[in-house]
Amino acid sequence: MKTRKAVVGEDYVYLWRSPGVLSGSPELTVTPPASGATFGGTMSAVCGPGVISSIANDRRTITLSAAIEAPVTPPNGLVGDQYGAVAIVGQRGGFALAKVAYFEDSTTVVLAEPLPYTVDVSDILADSGGVASLQWLTYSYTLSAADFGTDTKRNFSAVVEYTERQGGSAPARISRDRSLLHVVRAPFDTGLDELGLLAAVPHLVVPGAQDSLEPQIASALTHLETFVQRQLPDGKYPDDIDGAQFRPAHIMLTQWAIMTARSVIQNEPPDMTLYDRAMESVGEQMDRLNWLDADGDGRVDEGEADYNAGASLVVGGTFTDAYADDISYPGTGQAR
Numbered sequence: 001m002k003t004r005k006a007v008v009g010e011d012y013v014y015l016w017r018s019p020g021v022l023s024g025s026p027e028l029t030v031t032p033p034a035s036g037a038t039f040g041g042t043m044s045a046v047c048g049p050g051v052i053s054s055i056a057n058d059r060r061t062i063t064l065s066a067a068i069e070a071p072v073t074p075p076n077g078l079v080g081d082q083y084g085a086v087a088i089v090g091q092r093g094g095f096a097l098a099k100v101a102y103f104e105d106s107t108t109v110v111l112a113e114p115l116p117y118t119v120d121v122s123d124i125l126a127d128s129g130g131v132a133s134l135q136w137l138t139y140s141y142t143l144s145a146a147d148f149g150t151d152t153k154r155n156f157s158a159v160v161e162y163t164e165r166q167g168g169s170a171p172a173r174i175s176r177d178r179s180l181l182h183v184v185r186a187p188f189d190t191g192l193d194e195l196g197l198l199a200a201v202p203h204l205v206v207p208g209a210q211d212s213l214e215p216q217i218a219s220a221l222t223h224l225e226t227f228v229q230r231q232l233p234d235g236k237y238p239d240d241i242d243g244a245q246f247r248p249a250h251i252m253l254t255q256w257a258i259m260t261a262r263s264v265i266q267n268e269p270p271d272m273t274l275y276d277r278a279m280e281s282v283g284e285q286m287d288r289l290n291w292l293d294a295d296g297d298g299r300v301d302e303g304e305a306d307y308n309a310g311a312s313l314v315v316g317g318t319f320t321d322a323y324a325d326d327i328s329y330p331g332t333g334q335a336r
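Residue numbers (the numbering used here): 1 to 336.
Treat the hints as calculated values from the structure; they're not laboratory data. It is possible that part of the hints are untrue.
Claimed, not checked - What follows is a list of derived Cβ distance ranges for each label pair:
#, residue 1, residue 2, range
1, 37, 180, 29 to 39 Å
2, 60, 271, 33 to 43 Å
3, 3, 204, 21 to 31 Å
4, 206, 15, 15 to 25 Å
5, 233, 106, 19 to 29 Å
6, 101, 198, 19 to 29 Å
Unchecked claim - Simulated pairs of lysine-lysine, DSSO-like, Cα-Cα distance not exceeding 30 Å:
#, residue 1, residue 2
7, 99, 2
8, 236, 2
9, 99, 236
10, 153, 2
11, 236, 5
12, 5, 99
13, 236, 153
What you are looking at is a predicted structure, and each value in this text was computed from that prediction instead of being measured. Beta carbons are placed, not taken as given, at the ideal position from N, Cα and C, and that holds for glycine.
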């Protein structure tokens with residue numbers, strides 16, 4: 001189950017990506033952890049569909065009959081790993097999933113990869129009375145800060161209910177995507193971004209199918225947060241501490257995740273040296289936290305700075321043995 005975090009006192013834009021073409025719009029329902037009324041509503045696609053007039057011989061360049069409904073023209077924000085997921089829906093009901101790399105102009109879209117040859121372009125554009133379209137798969141809904149209340153609170157249940165388009169006389173299939181949503185003072189973050197990562201490790205390169213290294217950075221941050229959580233006192237969370245002091249470990253975990261993915265592709269065992277160094281760094285930082293916001297008020301009170309968390313992380317020893325079964329390599333699906 002995915003975990004999301006909203007900041008107390010601020011609206012939260014809930015983004016969700018559909019696994020395919022939907023029938024109707026998805027519905028978001030958020031349930032408080034103990035009591036209180038549910039809230040949410042109907043989600044909207046990040047932009048309206050575009051009508052396809054032609055697909056070039058390169059199978060990447062798509063011309064639309066008119067500019068799509070978007071806040072800017074050309075809509076350069078509707079591209080890449082986060083917002084560029086689309087479905088090319090044929091006039092006869094079939095569809096193909098793709099990703100938009102960029103817009104040449106407001107009516108010309110270039111995909112990140114050519115459409116596979118299993119997709120019949122002539123069938124997509126067949127003159128059968130329908131309309132071939134380019135549909136964005138990312139949906140959003142803005143949750144009001146007032147619905148969350150004025151205090152930090154964890155474990156809101158968020159459910160997106162959607163109906164997948166089956167076509168023909170096939171019965172509709174209703175599915176649900178569930179997440180936990182925490183309302184926190186400041187989400188755990190080391191401040192690492194792609195520029196910082198490449199400055200620290202210049203030889204890293206972006207995989208061909210991606211636009212950036214942000215997915216690996218995010219995956220490593222989730223991994224790092226899990227280890228930090230296990231070392232904190234009961235009732236305290238990584239969102240209560242200064243994440244910046246864990247940036248060196250974050251860099252090493254991200255680098256390790258990228259190298260491990262390459263090892264899997266090459267059918268080689270992953271090198272655990274960098275991973276173990278990252279875990280040692282976590283243990284060192286847990287010995288003395290810059291700040292633990294014990295009362296959650298966002299202020300550095302007496303006794304909260306230079307906090308000794310009593311680290312118990314032992315790489316290759318008790319910690320590894322105790323948790324070996326539920327440690328996985330980010331992005332590979334393999335367990336250690």
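Q. Which hint numbers doesn't this structure obey?
A. 1, 5 and 9
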